[in-house]
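Please put together the full structure from these sequences, using the hints given.
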Amino acid sequence: DQQVKQNSPSLSVQEGRISILNCDYTNSMFDYFLWYKKYPAEGPTFLISISSIKDKNEDGRFTVFLNKSAKHLSLHIVPSQPGDSAVYFCAARISNFGNEKLTFGTGTRLTIIP
Amino acid sequence: NAGVTQTPKFRILKIGQSMTLQCAQDMNHNYMYWYRQDPGMGLKLIYYSVGAGITDKGEVPNGYNVSRSTTEDFPLRLELAAPSQTSVYFCASSYASRETQYFGPGTRLLVL
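Protein chains in written order, with my numbering: chain A, 1 to 114; chain B, 1 to 112.
These are calculated hints, taken from the structure and not from any lab test. The structure displayed is predicted, hence computed values, not measured ones. No residue lacks a Cβ here, since even glycine has one placed at the ideal position from N, Cα and C. The reader is advised that the hints may include incorrect statements.
As a list, the in silico DSBU-like pairs of lysine-lysine whose alpha-carbon atoms are at most 35 Å apart [said to hold, decoys possible]:
1. B/K14 to A/K5
2. A/K56 to A/K101
3. B/K44 to A/K37
4. A/K37 to B/K57
5. B/K9 to A/K68
6. A/K56 to B/K44
7. A/K68 to B/K14
8. B/K44 to A/K68
9. B/K57 to B/K44
10. A/K56 to A/K68
11. A/K54 to A/K37
12. A/K101 to A/K5
13. B/K44 to B/K14
14. A/K101 to B/K44
15. B/K57 to A/K54
16. A/K37 to A/K68
17. A/K56 to B/K57
18. A/K5 to B/K44
19. A/K71 to B/K57
20. A/K54 to A/K5
21. A/K5 to B/K9
Label pairs and their computed distance ranges (CB to CB) [as the list claims (entries may be wrong)]:
22. B/K44 to A/S74: 20 to 28 Å
23. A/I113 to B/K57: 40 to 48 Å
24. B/G3 to A/Q14: 32 to 40 Å
25. A/P82 to B/T70: 39 to 47 Å
26. B/K14 to A/S74: 40 to 48 Å
27. B/P83 to A/D31: 34 to 42 Å
28. B/T5 to A/T111: 26 to 34 Å
29. B/E99 to A/S74: 22 to 30 Å
30. A/G83 to B/L80: 23 to 31 Å
Following this line, the structure appears as structure tokens:
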């Protein structure tokens, strides 16, 4: 039962263009969402997050949008750079007073074409 | 400041063997986690710990054991390795459960 889904295993985008990575979830109890970035042979690193009380959060070139009614979030990267080539994981959690655990999606491999 | 370190980086085990995956963090984090990532899948939580002496099961704990005798270390023990345990194992830590999790570089395990 995959509660967090990333339906696109891979995505290729031209350098300088916008990259849009999508994530869907099924559990309406999730109230906090995160994106992690992973390079080969390294562990995931935190990129950006959003609380369910917001619909947008921006950090430099990275913006995350949340559509709660559709149970959908997306990560926008503008402009895309070669260093953005990585696997991106969407994750979600439920606030539970010290017992929060992350549920991860399957990841999307982003390739930026120079 | 090394962050989260994991050893070994890669290991081949025969079916039925046992081994311990080591994880250490130097950030004085209370929470530590073990995940596994299978090809084409997301990270699945195996075990976690909220502090020294306290551990709890995650989503996929069968075939594994953990201990947390110190704040810094959180080893993962595999008893009677099985091919289904072939995976990449990541250790992570965070100051609190709502704080950012920091991941180690992973241990790639192959069980033949």
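Evaluated hints:
Restraint check for B/K14 and A/K5: the C-alpha separation of about 34 Å stays at or below 35 Å, so the hint holds. This hinted pair checks out: A/K56 and A/K101 have alpha carbons roughly 22 Å apart, not beyond 35 Å. Of the supplied pair hints, the one linking B/K44 and A/K37 holds, its CA atoms being roughly 16 Å apart against a limit of 35 Å. Of the supplied pair hints, the one linking A/K37 and B/K57 holds, its CA atoms being roughly 26 Å apart against a limit of 35 Å.
Using a Cα cut-off of 35 Å, the hinted pair B/K9 and A/K68 is violated, with the two alpha carbons roughly 39 Å apart. Proposed proximity of A/K56 and B/K44 is supported: the alpha carbons are some 27 Å apart, at most 35 Å. Simply put, A/K68 and B/K14 have alpha-carbon atoms about 47 Å apart, too far for the 35 Å limit, and the pair is violated. A threshold of 35 Å between alpha carbons decides the hint, and for B/K44 with A/K68 the separation of about 24 Å falls inside it, so the pair holds.
With a C-alpha separation of about 11 Å, the suggested pair B/K57 and B/K44 falls inside the 35 Å cut-off, and the hint holds. For the hint linking A/K56 to A/K68, the alpha-carbon distance of about 11 Å falls within 35 Å, and the restraint holds. Note on A/K54 and A/K37: the hinted pairing holds, with a Cα-Cα distance of about 22 Å set against a maximum of 35 Å. Of the pairs offered as hints, the one joining A/K101 and A/K5 holds, with about 17 Å between alpha carbons and a cut-off of 35 Å not exceeded.
For the suggested pair B/K44 and B/K14, the alpha carbons sit about 23 Å apart, so the restraint of at most 35 Å is met. The hinted pair formed by A/K101 and B/K44 meets the criterion: a straight-line CA distance of about 10 Å does not exceed 35 Å. With a CA separation close to 32 Å, the supplied pair B/K57 and A/K54 stays within the 35 Å bound. For the given pair, A/K37 sits about 23 Å from A/K68 by alpha-carbon distance, which is consistent with the 35 Å threshold.
For the proposed pair A/K56 and B/K57, the alpha carbon gap of about 33 Å is at most 35 Å, so the pair holds. At roughly 14 Å between alpha-carbon atoms, A/K5 and B/K44 fall within 35 Å of each other, so this suggested pair holds. Our distance criterion of 35 Å between C-alpha atoms is met by A/K71 and B/K57, whose separation comes to about 28 Å. This hinted pair checks out: A/K54 and A/K5 have alpha carbons roughly 21 Å apart, not beyond 35 Å.
For the suggested pair A/K5 and B/K9, the alpha carbons sit about 29 Å apart, so the restraint of at most 35 Å is met. Take B/K44 and A/S74: their Cβ atoms lie about 24 Å apart, and the range 20 to 28 Å holds. At roughly 43 Å, the beta carbons of A/I113 and B/K57 sit within the given window of 40 to 48 Å. Separation of B/G3 from A/Q14 is about 34 Å and conforms to the stated range, judged on CB atoms against 32 to 40 Å.
Here the CB-CB span from A/P82 to B/T70 is close to 41 Å, well matched to the stated 39 to 47 Å. At roughly 45 Å, the beta carbons of B/K14 and A/S74 sit within the given window of 40 to 48 Å. Between B/P83 and A/D31, the C-beta spacing of about 38 Å keeps the proposed range 34 to 42 Å intact. At about 29 Å, the CB distance of B/T5 to A/T111 agrees with the hint of 26 to 34 Å.
Checked against the hint of 22 to 30 Å, the C-beta distance between B/E99 and A/S74 comes to roughly 24 Å, which is consistent with it. Between A/G83 and B/L80, the C-beta spacing of about 42 Å breaks the proposed range 23 to 31 Å.
When each numbered hint is compared with the structure, violations occur for hints 5, 7, 30.
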